[in-house]
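> One letter stands for each residue in the lines below.
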Amino acid sequence: MSFFYNKLIGGKEGLTGLILLALLILVVFPLTLDLFRLNLVGKYLTYAFPAVSLVLLWGYGGILSLGQGVFFGLGGYGMAMFLKLEASSPENTAIQSTPGIPDFMDWNQLTELPWFWEPFNSFAFTILAILIIPAAFAYIIGAAMFKRRVGGVYFAIITQVIAVILTILIVGQQGYTGGINGITDLRTLNGWDMTSDSAKYIFYFINCALLLCIVLLSRFILTSKFGSLLLAIRDKEDRVRFSGYDVSNFKIFIYCFAALISAIGGAMFTLQVGFMSPSFVGIVPSIEMVIFAAIGGRMSLIGAIYGTLLVNFGKTAFSETFPELWLFLMGGLFISVVMLFPNGLAGLWNDYKHHLTNRFAFITKRFKSQKTLTRPTNAESESLS
Amino acid sequence: MSTSTDLTLAIEDLTVSFDGFKAVDSLNLYIDKNELHVVIGPNGAGKTTVLDLICGKTKASSGSIKFLNKELTELAEHEIVRAGVGRKFQTPSIYENLTVFENLEVSYPYGRTVIGSLFFKRNNEVVKKIHQIAKEIMLEDVLDTESALLSHGQKQWLEIGMLLIQDPQLLMLDEPVAGMSVKEREQTAELLKKISKGRSVLVIEHDMEFVEQIAQKVTVLHQGKILAAGQMDKVQKDPKVIEVYLGH
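Chains U and A supply the protein sequences, listed in that same order. Numbering follows our numbering, with no gaps: position 156 of the first sequence is 156. In our numbering, each residue's number is its place in the second sequence (first place is 1) plus 1000.
Everything labelled a hint here was simulated from the structure, so no lab data went into it. Predicted, not measured: the structure shown is a model, and the values here were computed from it.
Some but not every residue of chain A turned toward chain U, in silico, with C-beta under 10 angstroms:
(1) Glu-1077
(2) Phe-1089
(3) Asn-1097
(4) Leu-1098
Don't be surprised by glycine CBs; every beta carbon is placed ideally from N, CA and C.
From just these sequences and the hints, can you work out the full model?
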């Protein structure tokens, strides 16, 4: 029991942070927001998956990936392919010249379903594909990079290039991928109307539950020896290597895990928003994900979730009123966070709380004038991480 | 060439050249079991390069490095470590964000694979071993201190401890007393004598006073080649050595 308490929850401090977050997304939002806004929050929370993955990868592992959109996209497209096939039954597409294939294929003069679309008729295959393909792709990239000791800026640039390549591929192969418009018009999941109110609520809660599970799983990783090694590799890679560890394997693992998390977020995005397009794959979304993590606090799993929500609320609010100003504002926000609060919101919160506890200790000390009132405050880092 | 020996380390004909510059040139070096061997030499003599070659950081152009009859030149860095070779870097190389305890735990030679590290458990045996090592390196009182807060000398000891916990058969130390106070130097000398029991130690050092305190056997390197080797007092009187190194 204590194993689970300490390893997954992160002790008392971690539990408080987790309960607060769970209350906010599972109770406060559904009670106070109308369905349209709740669905919007659900969409934002899918971006929190890649943001959390960047906390592990970048914050702890020191590996800056500017291409998490690739995995978000792979997960999202996997789900979209299944849903699109379901939406393209021969009855629904009777007016096409080739009924039974997705509409965009018909527009591009395809006369039969490409082979790699076939297996996506199966829901079980789709789920497996969402979990395996992005992680396998990450393994290939990771093995190619980390075994050759490519790191730092070079790795960041290469991941960014991969995001560009994938976008160009998707846009260019219109007949197979739906091109720039993406895969749209997704209506049902196994016959169940995805656009209904109840479906939207259910997807929202599934999304929240998955996100919380991933926070727990990530905590397990970070509190294990693997977590310490991750920090150690970030700070002194050579020392770890010359302590008998094959450093590249550790980097590959965390990169694959980050890809898996991002892909789950992507699949949930498709389910809640009802389409997937290359604009969630390329450089801009990938960098935005880094910004979410940076603003929330790149050393804090929960902070990254708050960061994602905050930036996206801001984006929605500002881009409705000053659309052209938003990008400058976000750029400014990113720069000021990096310059002034390198630990993001989580860092600010921890400082503030530290200050409060100190103050509390001081006041109680004065009033009661007893000896042993200053409790040790190891509140420093754990509450939000 | 050489077949089976009972030497801990047998380096033969080792050469490495960087763009034609031979940093180490046909070097032969033998280290016995339980021997504390010191390599000295002026700047640029190739001392650190020799350590880099042994631990696999630099690949040899030719020659062989046999450790307990195992050829090291073909192994990856982590395999060399697992074979039983530990190496301390010149500047203290510790994980500043982790506590002293965690630094030692991360270096503990179990849970070295990804899966192993995920399910590594801090059991009594691990804790006991960490306390034992911490006592040896005089850091038992600061186990829970973040290691960034240690003094320079303590950081050097911590790194030595991180190697000791792996119980290597060959321990290589690159200028272990650089930047230490006089008292810390003495304590380090004591520590080295203690830890060289039951294993071989190879030390690179500039500080002649310190070398006199610890050395059994000394090798003087100059321009990638051995200038002199043998007992400390004999080497010190060697006119060639005096000329290139000790004279000033």
